[in-house]
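Each residue of the sequence shown is one higher than the last, beginning at 84 in my numbering.
Hints were generated in silico from the structure; no laboratory data involved.
None of the values given here were measured: they were computed from a predicted structure.
Zero decoy hints are in this set.
Ranges between beta-carbon positions, derived for each pair: (1) 133 with 94: 31 to 39 Å; (2) 277 with 140: 35 to 43 Å; (3) 95 with 306: 17 to 25 Å; (4) 133 with 306: 23 to 31 Å; (5) 181 with 339: 34 to 42 Å; (6) 306 with 277: 33 to 41 Å; (7) 265 with 234: 19 to 27 Å; (8) 104 with 272: 18 to 26 Å; (9) 235 with 177: 48 to 56 Å; (10) 298 with 87: 19 to 27 Å; (11) 250 with 169: 37 to 45 Å.
All residues carry an ideal CB built from backbone N, CA and C; glycine is no exception.
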Amino acid sequence: MAARIITAVVGIPAILTLASVGGTAFFILVLALSILGLREYHTLTKTRSELRAWSYLAGVFVLLDAHLFGGASTEIGGVVLLALLLVILLVGFPRYSFAEAGTALLGVAYIPFLFSYLIHLRASREGALYTALLFILTWVSDSLAFFIGSRFGRRPLAPRVSPKKTWEGAVAGVAGTVLTMFFVHKWVFLDLLPAVALGATVGIVAEVGDLIESVLKRQAGAKDSGRILPGHGGILDRFDALLLAAPTMYLLLRLRG
Numbered sequence: 084m085a086a087r088i089i090t091a092v093v094g095i096p097a098i099l100t101l102a103s104v105g106g107t108a109f110f111i112l113v114l115a116l117s118i119l120g121l122r123e124y125h126t127l128t129k130t131r132s133e134l135r136a137w138s139y140l141a142g143v144f145v146l147l148d149a150h151l152f153g154g155a156s157t158e159i160g161g162v163v164l165l166a167l168l169l170v171i172l173l174v175g176f177p178r179y180s181f182a183e184a185g186t187a188l189l190g191v192a193y194i195p196f197l198f199s200y201l202i203h204l205r206a207s208r209e210g211a212l213y214t215a216l217l218f219i220l221t222w223v224s225d226s227l228a229f230f231i232g233s234r235f236g237r238r239p240l241a242p243r244v245s246p247k248k249t250w251e252g253a254v255a256g257v258a259g260t261v262l263t264m265f266f267v268h269k270w271v272f273l274d275l276l277p278a279v280a281l282g283a284t285v286g287i288v289a290e291v292g293d294l295i296e297s298v299l300k301r302q303a304g305a306k307d308s309g310r311i312l313p314g315h316g317g318i319l320d321r322f323d324a325l326l327l328a329a330p331t332m333y334l335l336l337r338l339r340g
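Make the full structure from the sequences, and use the hints.
Right under this line is the structure:
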């Protein structure tokens, strides 16, 4: 527990500072999270080393696209991933099967592509504010789900996927994001109802993101995705909620106009 708290005390101010600074500094943060997370994914899925190299290249391209062209070209990343999959199949056949190439590229879609929405969000109107808010909401959700679930959890949420996750913890996590938005909505320039709806949606997709990563670990027979963060495990263990929450928040704010 002490290691978990120390990591949070050091990491949270650093991340919020980089989110505030934006630009190349924030891009490097997202790039590091993506490459380290992708490395954990490949370890869990036992991806071949040659395919890992292709996926790292694709991931860097997707993130550079987001960084250099802002929120105007989110569709390009998906086209690049599909094209790269076809190239790998043509160049690598018969060494790589469609399933192997697909697994490698799924990692790019799952991690760098979804993380790229952090860059798109930061480049949007009031981007620094909403990026910091996104991090805070996912941390609130994760922390409350962990502590309430550990202490009061009785009803398993998804026992075949993650036996320790409970409905009590999940509800606490969503309630935490809703309450956070209730108290800060005026400071983030949102009316109360849209703010509460945003908080609830982010809280729910954060829980789903957590469960998806749990499926990945369960299939690999691993407790954690890695060990890089003392007390937390790996990058995916700590930032899995952001993978779905980032595109969700970005798209909802775009719908607002």
